[in-house]
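Chains as they are written, first to last, in the numbering used here: chain A, 192 to 381; chain B, 596 to 1142.
Some clues are possibly wrong.
[Unchecked claim] For the chain B half of the interface with chain A, some residues (derived, Cβ under 7 Å), not all of them:
1) Y641
2) A644
3) G896
Derived from the structure by calculation, the hints contain no laboratory data.
In this text the structure is predicted, and so the values were computed from the model without any measurement.
Ideal Cβ placement from N, Cα and C applies to all residues, glycine included.
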Amino acid sequence: MLTTLRRQAGTGLAVLIVFTVLCGVVYPLVVWGVSRLPGLSATAEGQGSVPVVAVDPVAADPAADPYFHTRPSVASLPASGGSNKAQDSTDLLATLDERRAAIAQREGVAPAAVPADAVAASASGLDPDIGPDYAALQTARVARVTGLPVGRVEQLVADATDGRILGFLGEPAVNVPELNAAIAAAASSR
Amino acid sequence: MNDTLAGLLQVAALLVLLAACYAPLGDYMAKVFTTERHWRVETLLYRVARVDPSSGQRWPVYAAGVLGFSFVSIVLLYLLQRLQPVLPASFDRGSVGPATAFNTAISFVTNTNWQSYVPEQTLGNTVQMAGLTVQNVLSAAVGIAVAVALIRGIVASNTDRIGNFWVDLTRAVVRIMLPFAFVAAVLLLVMGVTMSLRSGVDVGGTTFPLAPTASQEAVKQLGTNGGGIFNANSAHPFENPTALSNLFEIFLLLVVPVSLTRTFGTMVGNRRQGSVLLTVMAGLWAIMLTVAWLAETHPNGAAGIAAGAMEGKETRFGVPSSILFGVSTTGTSTGAVNSLHDSYSGGAGGVTLLNMLLGEVAPGGVGAGLYGLLVLAIIAVFLAGLMVGRTPEYLGKKLGRREVTAAAVSILVMPAVVLVGAGLAIALPGTLDALNNDGAHGFSEVLYAYASAANNNGSAFAGITVTSDFFQSTLGIAMLLGRFVPILAILALAGSLAQQRRTEAGAGTLATDKPLFGVLVAGTVVLVAALTFFPALALGPIAEALA
C-alpha cells in the first residue's frame, strides 16, 4: 500500500507540475491578454469600478463638505472588509444610532429621516453606491455649499443613478464617485 | 418594479439559465468520461507523467492517486507561500507564516478555500496564480473524478476496476474546467471584473490593491471553490462590480453540480434517476431560499431593524441578490460571499449554516454534491429495505454490509468533526476572546467555522478571529478529514459495487426513478441532519431567531 501511495504521489508530482504551468501560468496570462483589448483594459485595471474612500460620518466635518457621502466603511483600508456584527449586537446598535445622529445633524433633518443604508456599513467597505433616498437627503446640503441650484444637483443625481439592470437585477443605486466628479465639474464651471 | 417581484424575476432568470445548460452540459460531461478517445494534449501529459491511460485501476490504487496527488499539492502550495519573498511579482508581501500557510494549503487543495488571512495584503501574483488558481481548478477536478468513479462502480458489472484517476483528472481539467473557466473569465471581464498584474491602482492618493482577478474569479465560482482574491470576496467591486456579474457568478457556482445529475442519469442509462436527484437538490435549495429571504426581509434584532438588514451588504445587491448568493454558496461547497453572513438575521444566518450541515447536497460542490447525495440515496434505499424486510437494491446492485458501512462512514465523519471541533473550541477559555459577537450568535460563529471547514465550504461567520494556532490547526485537520475520509469511503463503495453483477429489478424492487423516492431521499437528508445537529442549532441560530 505504501509503495502504491509513493508511486502514485510521484505520478501526481509530474501531473501537478504540468497543470501548474497550464492552469497557473498559461490560463491566467491568456485571460490577461484578453483583458488588454480596448474597451476592457480600463475596467481590468480598476478604472471603471473605482472604489471610494468612505468618510466616517461621525468624524467628518459636516458644515463645509460640498460633496455626497458614501456609506460608512469599517474596513482597514485599502484592504476590504465589513463589521461582521450580528443583528442583535448592542455594539452595532449604538454605532448605528451615533451615525444616524451625526448624519441628521449634518443634513439638518430629524434622525428618523436618515435612511438605513446611510448608517449601515457595507460588506466590502468600498461600496461606491448609495440608495436614491440617501442621495435625496444630501441634495439640499450639496446645493447650499456649492451654490448650485437644487434642480441642477437633482439633475446630476439622476444622471448618476442606475436603475435595476434589465429592470429586475439588483437595486437602484447612485454612484457616488461619478456623482461627486460631476458636482465638482459643475461647481467649477459656474 | 416592486422589490419582491424583481427578486423573483431574478430567481426565474437564474433557473432559465441553468435549465438551458442542464442537458447539453450534463451529456457533454458524460461523454467526456466514457469516450475512448484521447486529446493530443492529454496524450502528451500521459507520456510526461508515465501514465498508461488505457489501464483501469482497482479502488485502492484510484484512492492512492487521489491522496498522493492531494499530498503533493498541499506540499507545493505550502512551499509557494513560505517562499513568497523569492518568487516574482510578490510585491514585498513577505513569507506567509507557517500556521496560515498550513491552513491555506489544506484549504485550497480540499476545495474549501477557507481564508484566515487578508489576501490583497498577504499574497502576490505568483502565489495567487501558480498556487491558488491552480488548486481552484484541480480540487474541483478531483471532486468530479471521484463522483465519476462512483457512477462507474454503479454501472460496472463483475470487475474490480473503477477507471483511471489520472485520466479522469486530466479530462476534468482539460475538457471541462479550463475551457469553461476561460469563457466565464472573458464574460466576467466584459461585465467589468478586474484583471491586472499590477500591485495596485491609485485613487485620490490611496493605492487600492489589484490582482489577476477574472481568471481566478471564474474558476473560483465554476469549481465551487470560493476563496476570494480580495478580503471582501464577491462583495468587492473589483470581483463583482454589478448585479449582472452577481447573477452570473451565482449561475457559475450552480451549473456544474446541477448538471452532474444529468451526467449521472445519462451514464446509468436512465435519465429519470438523475432527475429525481435534481428534484431533491432543487427542492431543498428552494425551501432554504424562501426561509432565508423571509427572515432577512423581516429582521428581528434591534440593530438589524435599525440597519434595514443592510449592515454587511452592498447597495447594488440589496437583500434579495445577497440572499440568493448566500443560499447558493452554502448549498454548494463554494463559500464565496457577496455579503457578510455574520451580519445576517438569526433565521437567514441559520439557513446558511444548516445548508452546510445537511452535508452540502442542495446542490453541493462540484462532484462532492453528487457523491454526497448518492450516499444519502443509498441510506434511503437501505432504510426503505429495513421497513419492508428486503435486501435493499439500488440501480441493480445489492446493498450489503460493506456498501452500507461505507455509506455510513461517509455520512458520519462530517457531524463528528463539526461537533467535536466546535465543542472543543467552546470549552477552551481563549475562544471567547476570538469571538466578534456575544451570546447565541457568538456560539454560532464557532459552530459555523467547523461546519464550513468539515464540509469544505469555506464561507464564515467571519467576525471570529481564527488566526490562533489552535484554530489554524484544528480547522485544517477538520478540512482534511471532511474531504478525504468520505472520498475513501466512496471509492471503497465504488469498488465494492463494481464487483457485483447487475441484477434485474424485480416486482419488489424500490423504484428509484419515481418522485416518491425523491421524497424519501430528501427526508433522509433532513432526518440525518436534524438528528445530529438539532441541539447545536438550538443553542445558536434558533435561539437567536426566537429571541
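Hint check:
1. Y641: violated (9 Å)
2. A644: holds (4 Å)
3. G896: holds (3 Å)
Comparing the model with each numbered hint stated earlier shows that hint 1 is the single one that does not hold.
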